[in-house]
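Model the full assembly from the supplied sequences, consistent with the hints where possible.
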Amino acid sequence: MESIIADKKTFKYAYFPGCSLKSTSKEYDISAREVASSLGVILKEIPDWTCCGATPAHLTMHILSIGLPVKILLQVKEMGISEVVTCCAACFSRLKFANDIMSKDQLHREMVSRVLSKKYEGEVSVRHFLDVLVNEYGIESISKKIVKPLKGLKVACYYGCLLVRPPEVTKFDDSEDPHFMDDLINVTGAEAISWPYKTECCGASHSLSNTEIVLRLSNDILRFAKESGADVVAVACPMCQSNLDLRQGEIEKRYETKINLPVLYFTQLLGLALGAESKNLGLNMHLVNPFKILQEKGLL
Amino acid sequence: MARTGVFVCWCGTNISATVDVEKVAEAAKNFQGVRFSTTYRYMCSDPGQNIIKQAIKEYRLDRIVVAACSPSLHEKTFRKCIEESGLNPYMLEIANIREQCSWVHKNREEATDKALQIIRLASAKVLRDFPLEKKFISVEKKALVIGGGISGIQAALDIAVAGYNVVIVEREPSIGGRMARFDKTFPTLDCAACILTPKMVAVSQNGKVVLHTYSEVESVQGYVGNFDVKIRKKARSVDLKKCTGCGQCYAKCPVKVPSEFDMGLGMRKAIYVQFPQAVPNVPVIDRENCRYFTQAGKCGVCRKICPFQAVDYDQQDEIIEEKFGMIIVATGFTQFDHSVYGEYGYGKFKNVITGLHFERMVNSSGPTGGKIICPSDGRDAKDVVFISCIGSRDEQKGMPYCSRLCCMYTAKHALLLKEHNPESQAYVFYIDIRAAGKNYEEFVKKVQDEYGAIYLRGRVSRIFEKGNKLIVRGADTLSGSQIEIEADLVVLATGLIAQADAPKVAQMLRIPYDKNNLFTEAHPKLAPVETITSGIFLTGACQSPKDIPDTVATASAASVKALGLLTQEKLVREPQIARVDAVLCSGCKLCVQACPFKAIEAEEIEDRARKQKRIVAKVLEGVCTGCGVCTACCRMSAIDLDNFANRQLMAEIEVV
Chain P
9 MESIIADKKT
19 FKYAYFPGCS
29 LKSTSKEYDI
39 SAREVASSLG
49 VILKEIPDWT
59 CCGATPAHLT
69 MHILSIGLPV
79 KILLQVKEMG
89 ISEVVTCCAA
99 CFSRLKFAND
109 IMSKDQLHRE
119 MVSRVLSKKY
129 EGEVSVRHFL
139 DVLVNEYGIE
149 SISKKIVKPL
159 KGLKVACYYG
169 CLLVRPPEVT
179 KFDDSEDPHF
189 MDDLINVTGA
199 EAISWPYKTE
209 CCGASHSLSN
219 TEIVLRLSND
229 ILRFAKESGA
239 DVVAVACPMC
249 QSNLDLRQGE
259 IEKRYETKIN
269 LPVLYFTQLL
279 GLALGAESKN
289 LGLNMHLVNP
299 FKILQEKGLL
Chain V
17 MARTGVFVCW
27 CGTNISATVD
37 VEKVAEAAKN
47 FQGVRFSTTY
57 RYMCSDPGQN
67 IIKQAIKEYR
77 LDRIVVAACS
87 PSLHEKTFRK
97 CIEESGLNPY
107 MLEIANIREQ
117 CSWVHKNREE
127 ATDKALQIIR
137 LASAKVLRDF
147 PLEKKFISVE
157 KKALVIGGGI
167 SGIQAALDIA
177 VAGYNVVIVE
187 REPSIGGRMA
197 RFDKTFPTLD
207 CAACILTPKM
217 VAVSQNGKVV
227 LHTYSEVESV
237 QGYVGNFDVK
247 IRKKARSVDL
257 KKCTGCGQCY
267 AKCPVKVPSE
277 FDMGLGMRKA
287 IYVQFPQAVP
297 NVPVIDRENC
307 RYFTQAGKCG
317 VCRKICPFQA
327 VDYDQQDEII
337 EEKFGMIIVA
347 TGFTQFDHSV
357 YGEYGYGKFK
367 NVITGLHFER
377 MVNSSGPTGG
387 KIICPSDGRD
397 AKDVVFISCI
407 GSRDEQKGMP
417 YCSRLCCMYT
427 AKHALLLKEH
437 NPESQAYVFY
447 IDIRAAGKNY
457 EEFVKKVQDE
467 YGAIYLRGRV
477 SRIFEKGNKL
487 IVRGADTLSG
497 SQIEIEADLV
507 VLATGLIAQA
517 DAPKVAQMLR
527 IPYDKNNLFT
537 EAHPKLAPVE
547 TITSGIFLTG
557 ACQSPKDIPD
567 TVATASAASV
577 KALGLLTQEK
587 LVREPQIARV
597 DAVLCSGCKL
607 CVQACPFKAI
617 EAEEIEDRAR
627 KQKRIVAKVL
637 EGVCTGCGVC
647 TACCRMSAID
657 LDNFANRQLM
667 AEIEVV
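Listed in order, the protein sequences are those of chains P and V. Counting from 1 along the first sequence, just add 8 to a position and that's the residue number in this note's numbering. Counting from 1 along the second sequence, just add 16 to a position and that's the residue number in this note's numbering.
If you are wondering where the hints come from, they were derived from the structure by calculation, not from laboratory data. Please read these numbers as outputs of a predicted model, since none were measured by experiment. Treat the hints with care, since some could be wrong.
[To be verified] Calculated pairs, PhoX-like style, for lysine-lysine (alpha carbon to alpha carbon, straight line, at most 20 Å):
(1) V/272 x V/320
(2) P/34 x P/156
(3) V/150 x V/92
(4) V/485 x P/234
(5) V/246 x V/520
(6) P/234 x P/287
(7) P/162 x V/482
(8) P/179 x V/413
(9) P/287 x P/34
(10) V/482 x P/234
(11) V/246 x V/614
(12) P/79 x P/112
The following block contains the structure:
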């Protein structure tokens, strides 16, 4: 009886895709929606949403970096939904930061309400999709829906910086040794390998301004994942994905090495295990081709 | 009619620069009861005191106001001064016109006015002062030392050598404490056991000392001179008198468990002595692991084999009740648990160890026989990284304070590493090198210059395993570069913290402790081994992190303080204590709960007026310290503090 009630629990969230998921990482958006629909999680996109400010806003003007996310959070409030889900780690970080400040600091509340002409005190709760899947939907409920276990696939789960840091703001997983993604990957039937570079920086937005740094840092990450025996890297951030995937060819040239390590979103891997078609997961949208290894393992 | 004298001190220019002392003294003449007033450059000096004495004689003064510095500095001086002139020493009030006036104000006119107000208050209060008599209490001529580490041993020896009885209560099966686990000691490199064990033997052989090992203090009641203490002697399961320490029992015991003494690096039996030089050299049975106890009477090998019938499975805990005159607290420290540091592997990497592990490894009687190895596979450790300040100077995850000795023991470890494994290389990550002590800086220099330890100024951001190596990544802030070292072994210089049960011990002894659970001394400079509870003294690292020389010094200091009480026939108690007016007391017992010194009891009295029995509060004169908490909480105003009576304080308020 109880299990029937639990199954009927509705998972409905406001959904903030953010700019990346509409452009460079469309496959993250597609696969997240695919996963959500096959699990029965409702992601209701915020109508007429705007940019969260990402990295440029807080370099330009402090109040802008708080005001932009608050604008989005106010839209969520107007939808009559109390929780907003985002997939992008940078959006998550900005929304979380703004929410944290607005829930604590009167001065910021006054400054932002002057700009937006609306009051906001941190009422909306900001969740990352990974967090919702692992801690709300639950690993056990997901395990019941796995139809195509990803047997034999070794995955290096890479969290990057923004999901887990700073811990007092993100309050997400263990900041030194996170494991939410590992737990999720393990339930898909794949093996989340143990490796130490889970939270090392990939170089992030230095991709354009100081590419050399990104090449070095991303090379370290990819090299270590490869040495630790990974077949693919799983990520939860469009910025990390683009650095590790888009720049991989350049890294190989710069360091005269062969890496060839596909970098997939955790939603793509989960989607596969849930039985989604590969074309509905955007697996063809990566520069490092994942099909070969997935076929080798008999997963496609 | 009261005859008050007011004496205004200049304190050189400390007071006179801001306060017009002459004007104040002149104005004070008009206060009620004042018969005489004057000023002097230094009232606390001999000539100053003579002015007071002469004035008492000449003007037949019967109470005195001294307007000067804080009463915590010279109240005693002036009490003695007027006592010598035949007045009761408590017919004195100090008007603090220095700390509370001249030092904190700039405007001379306003400061002068304020000084006058302060003296007006004191003059009003002194009118209601009444003579108090000092109280005397007896002294039990025996000291209790809690903790049998080097500090407890030293304190007990000092007291015993002076000819007084002393009892040591030690929680572990043997005395010796932390020092017994160390290998060599900095900066002289003499072996810890070689200098400690003679003291352990001396203390056990001294006829004035009684050792209670494997025992704990269960409760402490009473007050200075008369502490009633309950000691729980835990069941050792081996008769202390019959056992000769032959060791046949633990040779044959079939159960092996990780040895706590060796930090889990080696094994011990279920019946065991902690280390070869243990005092007393009598084993103890660990009942949680012994097969006789876990498997209902099976095994029993040790009892069968003991040639002296010393093994006694039926032994019970024993409670000893004893009276002591004073207590020395030597409960020591424990080491910080580094498993809060995820970046160092949460304590999961086998080859990331603490300094105490290293001590056991490098010790020739330790679990590896003096070989410095990697615990994961037993290979010799070649590249060893030492990281200082683990849990110290870290407000986020550790303690805010510096543990004071980690820099030194890390330098010592780097030296010992090179001596044991000549092929090795030590790397030391540090924040600052704090080597303040005799020959300490020279020692660190020697380790760097002669033993080739590479010192890197910076923090380690992450350690991870790669194959059988540890990759240590950190910053060298002097060269401004990132560093990555492939290490065999990482040794964390974990800081010193208070014992887990320190707050419980402090509450039992009624001594204060700070936010880090370290016991608080009575004064950080002038009473470093005393506590505010008279008769209780502190020594060693329970008060703050200390190395061996400092620990031994405070041990001797504490024992001198204890001897100061032991040599007296009677102790003088200040008479400014609480007094209950039984007629007013409603017997609510709020004061009983409020008293931090357990100095108030509920007592049944015969109320003749109402012809019935009823409960009233009763102050234990020997225990009361006159703190005044009870008077503040009493709803009936039935408790008064002598010399700070409600009526006296009201008199002050009335003249404002």
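Hints, one by one, checked against the model:
1. V/272 x V/320: Holds: residue 272 of chain V and residue 320 of chain V sit about 19 Å apart, inside 20 Å.
2. P/34 x P/156: violated, 24 Å
3. V/150 x V/92: holds, 13 Å
4. V/485 x P/234: Distance ~18 Å between residue 485 of chain V and residue 234 of chain P Cα, so the pair holds.
5. V/246 x V/520: Satisfied, since the Cα-Cα distance of roughly 15 Å is no more than 20 Å.
6. P/234 x P/287: Not OK: residue 234 of chain P and residue 287 of chain P at ~26 Å, beyond 20 Å, violated.
7. P/162 x V/482: holds, 18 Å
8. P/179 x V/413: holds, 16 Å
9. P/287 x P/34: holds, 12 Å
10. V/482 x P/234: holds, 13 Å
11. V/246 x V/614: holds, 17 Å
12. P/79 x P/112: holds, 17 Å
Violated hints, listed in ascending order, are 2 and 6; each of the other numbered hints is respected by the structure.
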